[in-house]
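Put together the whole structure using the sequences plus the hints.
As you go down the protein sequences, you meet chains A and B in turn.
Here the numbering used here is used: the first residue of the first sequence is 259, the next is one more, and so on.
Here the numbering used here is used: the first residue of the second sequence is 259, the next is one more, and so on.
Hints may contain errors.
[Stated by the list, open to error] Within a straight-line C-alpha distance of at most 30 Å, the following computed DSSO-like cross-link-like pairs (lysine-lysine) qualify:
#1 LYS302(A) <-> LYS398(A)
#2 LYS328(B) <-> LYS291(B)
#3 LYS302(A) <-> LYS302(B)
#4 LYS302(B) <-> LYS427(A)
#5 LYS291(B) <-> LYS302(A)
#6 LYS370(A) <-> LYS291(A)
#7 LYS291(A) <-> LYS461(A)
#8 LYS398(B) <-> LYS370(B)
#9 LYS427(B) <-> LYS370(B)
#10 LYS291(B) <-> LYS461(B)
#11 LYS291(A) <-> LYS302(B)
#12 LYS302(B) <-> LYS370(A)
#13 LYS398(A) <-> LYS398(B)
#14 LYS302(A) <-> LYS398(B)
#15 LYS328(B) <-> LYS328(A)
#16 LYS291(A) <-> LYS328(A)
#17 LYS427(A) <-> LYS398(A)
#18 LYS302(A) <-> LYS370(B)
#19 LYS427(B) <-> LYS291(B)
#20 LYS302(B) <-> LYS398(A)
#21 LYS302(A) <-> LYS427(B)
Keep in mind that the hints were calculated from the coordinates and are not lab data.
Source: prediction; values computed, not measured.
Number of protein chains: 2
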Amino acid sequence: MCELLGMSANVPTDICFSFTGLVQRGGRTGPHKDGWGITFYEGKGCRTFKDPQPSIHSPIARLVQEYPIKSCSVIAHIRQANRGRVALENTHPFTRELWGRNWTYAHNGQLKGYRRLNSGSFRPIGETDSEQAFCWLLHKLAERYPRTPGNMEAVFRYIAELATELREKGVFNMLLSDGRYVMAFCSTNLFWITRRSPFGTAKLIDQDVEINFQEETTPDDVVTVIATQPLTGNETWQRIEPGHSVLFCLGERIV
Amino acid sequence: MCELLGMSANVPTDICFSFTGLVQRGGRTGPHKDGWGITFYEGKGCRTFKDPQPSIHSPIARLVQEYPIKSCSVIAHIRQANRGRVALENTHPFTRELWGRNWTYAHNGQLKGYRRLNSGSFRPIGETDSEQAFCWLLHKLAERYPRTPGNMEAVFRYIAELATELREKGVFNMLLSDGRYVMAFCSTNLFWITRRSPFGTAKLIDQDVEINFQEETTPDDVVTVIATQPLTGNETWQRIEPGHSVLFCLGERIV
Numbered sequence: 259m260c261e262l263l264g265m266s267a268n269v270p271t272d273i274c275f276s277f278t279g280l281v282q283r284g285g286r287t288g289p290h291k292d293g294w295g296i297t298f299y300e301g302k303g304c305r306t307f308k309d310p311q312p313s314i315h316s317p318i319a320r321l322v323q324e325y326p327i328k329s330c331s332v333i334a335h336i337r338q339a340n341r342g343r344v345a346l347e348n349t350h351p352f353t354r355e356l357w358g359r360n361w362t363y364a365h366n367g368q369l370k371g372y373r374r375l376n377s378g379s380f381r382p383i384g385e386t387d388s389e390q391a392f393c394w395l396l397h398k399l400a401e402r403y404p405r406t407p408g409n410m411e412a413v414f415r416y417i418a419e420l421a422t423e424l425r426e427k428g429v430f431n432m433l434l435s436d437g438r439y440v441m442a443f444c445s446t447n448l449f450w451i452t453r454r455s456p457f458g459t460a461k462l463i464d465q466d467v468e469i470n471f472q473e474e475t476t477p478d479d480v481v482t483v484i485a486t487q488p489l490t491g492n493e494t495w496q497r498i499e500p501g502h503s504v505l506f507c508l509g510e511r512i513v
Numbered sequence: 259m260c261e262l263l264g265m266s267a268n269v270p271t272d273i274c275f276s277f278t279g280l281v282q283r284g285g286r287t288g289p290h291k292d293g294w295g296i297t298f299y300e301g302k303g304c305r306t307f308k309d310p311q312p313s314i315h316s317p318i319a320r321l322v323q324e325y326p327i328k329s330c331s332v333i334a335h336i337r338q339a340n341r342g343r344v345a346l347e348n349t350h351p352f353t354r355e356l357w358g359r360n361w362t363y364a365h366n367g368q369l370k371g372y373r374r375l376n377s378g379s380f381r382p383i384g385e386t387d388s389e390q391a392f393c394w395l396l397h398k399l400a401e402r403y404p405r406t407p408g409n410m411e412a413v414f415r416y417i418a419e420l421a422t423e424l425r426e427k428g429v430f431n432m433l434l435s436d437g438r439y440v441m442a443f444c445s446t447n448l449f450w451i452t453r454r455s456p457f458g459t460a461k462l463i464d465q466d467v468e469i470n471f472q473e474e475t476t477p478d479d480v481v482t483v484i485a486t487q488p489l490t491g492n493e494t495w496q497r498i499e500p501g502h503s504v505l506f507c508l509g510e511r512i513v
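So this is what it looks like as C-alpha cells:
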C-alpha cells in the first residue's frame with residue numbers, strides 16, 4: 259500500500275507543511291520506503307520531483323520540504339511496492355497529455371487482472387498495475403471524447419464510473435488532476451479538509467511540527483488537502499465514503 | 259536562442275561538471291535567463307528538473323549541480339524566450355510517451371509557419387514552436403510505425419529526414435532521446451566530445467572549475483557530451499555539420 263497526498267487551492271500555495279508529514283511515512287513512521295513523487299501545477303505546466311529512494315533519505319525530498327513551490331493543484335505519492343519493482347519508471351505520480359493538458363495521476367491499492375485492460379495508444383512505460391489502469395482510463399476518455407470536451411463535470415462523472423470498474427478489480431484509491439480540477443476517488447481510505455478564514459493552528463501527527471496558518475495566508479485563501487490518513491491531529495478531516503469520489507476546483511468542493 | 263546540453267554514456271555518469279558550465283550561461287555569462295530544464299534517464303524511467311527562473315538563481319539548479327544523479331542519457335536546455343512567454347509549460351525539455359518509452363526533446367532555434375504542422379493526437383500544451391514541432395515529429399513517427407519498430411537506426415534516419423524538413427522553416431538544432439539513444443541534429447551550432455581512457459583534466463570556459471576525469475572514472479567508461487558551444491577550453495570538440503545529425507548509444511557514436 260501507498261500513501262496519497264493532494265491539494266487544491268484558490269491561490270498558489272506551498273505544500274511544505276503537509277509534505278513534511280507525508281515524508282515521515284516514507285521510511286520513518288510508515289513503511290513506504292520504495293520511492294516517492296510530487297507534481298506541482300503552475301498554469302498548464304507542471305513539474306514532478308521523484309525519487310526511487312525512501313523520502314526520508316532523499317535530498318530531493320529535502321529540497322521540496324524547504325523550497326516553497328507555490329501551486330494551485332498538487333498530487334503526491336509515497337510508495338510501498340507491490341506490483342512492479344522499485345524503479346523510477348514505476349514511481350508515481352504519472353503524467354500524460356490529453357486534450358492539450360497535463361493529466362497527473364497517483365494510485366494507492368492493488369488490482370487483479372489489470373493486464374487485460376486495453377490502453378490503446380497510451381502504452382505503459384513501467385510494470386505497475388497503477389500505470390496500466392491510468393493508460394486504460396485515458397484511452398477510454400480519448401475514445402468517448404475525441405475532441406476537447408466542454409463540460410468537465412460530465413467528464414469527471416465518467417471518470418468516477420471508470421474508477422468504480424477498476425475498484426471491482428481490487429483496491430483503487432486515486433488522485434487525478436488536469437491542473438484545474440483535483441479528483442479524489444476512495445476505495446478504502448481517503449480524507450480531506452478545507453481550510454479557510456478564520457485560520458487556526460495545525461499540528462502534524464507524524465512529526466513535532468506546528469503551523470499557524472493565519473501567519474501564512476490572506477483572509478480569502480481557500481486550501482483543501484486530501485490524504486490517505488489525516489495528517490494533523492487537532493483538526494476534523496472528512497472521510498470520503500468507499501466507492502465515492504469528490505471533485506475540487508480552486509480549493510472548493512464542487513461535486 | 260537557447261543552449262542545449264546532452265550526454266550519452268556506457269555507465270551511469272553524473273553531469274554535474276558540464277551542467278555547472280551551462281548554468282553560468284543562464285543569466286551570467288550568457289543571456290539565457292528564461293528558464294532551464296534537465297532530464298535524466300534511469301532505465302526506462304526519467305525525471306526532469308525544470309524552472310522558469312534563470313538557472314543562475316534557481317535553488318533547483320543548485321541541487322542538480324550538487325547532487326550527482328547518475329544517468330546514461332541526459333538532455334538539458336536553457337532558454338532565451340522567443341516564441342511563447344516565460345512559463346513552466348514552455349520550458350524544455352519536453353517528454354512524451356511513444357511505443358511504451360519516454361521520448362525527451364529540446365530545441366534551439368526558431369521556426370516560421372509552425373502552426374501549420376499537424377500533430378494529430380499529440381497536442382501541444384504550451385505555445386512554443388518547439389513543442390509544436392516535437393508533437394508533429396511524434397505524430398509522423400506514430401503514423402509511419404503504428405507498432406513498436408524493430409530497427410531503431412532506420413527510425414532515427416527517418417527522424418533526420420523530418421528534422422531536415424523542420425530546418426527549412428528556420429533554425430532547428432535538436433537533441434532527442436528515448437533513453438537508449440541520444441540524437442543530435444545540427445541546424446547551425448552543435449558540438450560533441452567523447453571522453454575515454456586515458457582520461458585527462460578538463461577546464462570549464464564559463465567558470466573557473468577544473469575536473470580530473472581520471473579520478474572520477476574507470477578505464478572502461480565512455481562518455482559523450484553534446485553542447486551548443488564547447489564547454490571546455492582545453493579539449494577538442496567535434497563540430498556537427500549544419501544539416502547533419504549524429505546518433506549516440508551508450509557513449510559511442512553509431513551513425
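Would you check the hint for LYS370(A) and LYS291(A), treating anything up to 30 Å between C-alpha atoms as holding? 23 Å, holds
Hint consistency between LYS302(B) and LYS398(A) [alpha-carbon to alpha-carbon, up to 30 Å]: This hinted pair holds, its Cα atoms lying about 25 Å apart.
| said: Hint check: LYS398(A) vs LYS398(B), CA-CA at most 30 Å. Holds or violated? | reply: Given that 30 Å is the threshold and the Cα spacing comes to 23 Å, the pair holds.
| For the pair supplied as a hint, LYS291(A) and LYS461(A), is the alpha-carbon distance within the 30 Å limit? | 24 Å, holds
Next pair to validate is LYS302(A) with LYS370(B); report whether the Cα-Cα distance is within 30 Å. 24 Å, holds
Practice task
Take a quick look at whether LYS302(B) and LYS427(A) sit within 30 Å of each other, Cα to Cα.
Solution key: Status holds; Cα separation ~27 Å.
Query raised in the report: Is the Cα-Cα distance between LYS291(B) and LYS461(B) 30 Å or less?
Result: 24 Å, holds
Within a Cα-Cα threshold of 30 Å, do LYS291(A) and LYS328(A) meet the stated pairing? 26 Å, holds
Does the alpha-carbon distance linking LYS427(B) and LYS291(B) stay inside the 30 Å limit?
Holds - the C-alpha atoms of LYS291(B) and LYS427(B) are around 25 Å apart, at most 30 Å.
Quick one, are LYS328(B) and LYS328(A) close enough, alpha carbons at most 30 Å?
Measuring from Cα to Cα gives roughly 28 Å; hence the hint holds.
Just to be careful, I want the Cα atoms of LYS291(A) and LYS302(B) compared with a cutoff of 30 Å; is the pair within it? Holds: LYS291(A) and LYS302(B) sit about 21 Å apart, inside 30 Å.
- Given the hint that LYS302(B) pairs with LYS370(A), test it: the Cα-Cα distance must not exceed 30 Å. 24 Å, holds
The structure fails none of the hints (numbered hints given earlier).
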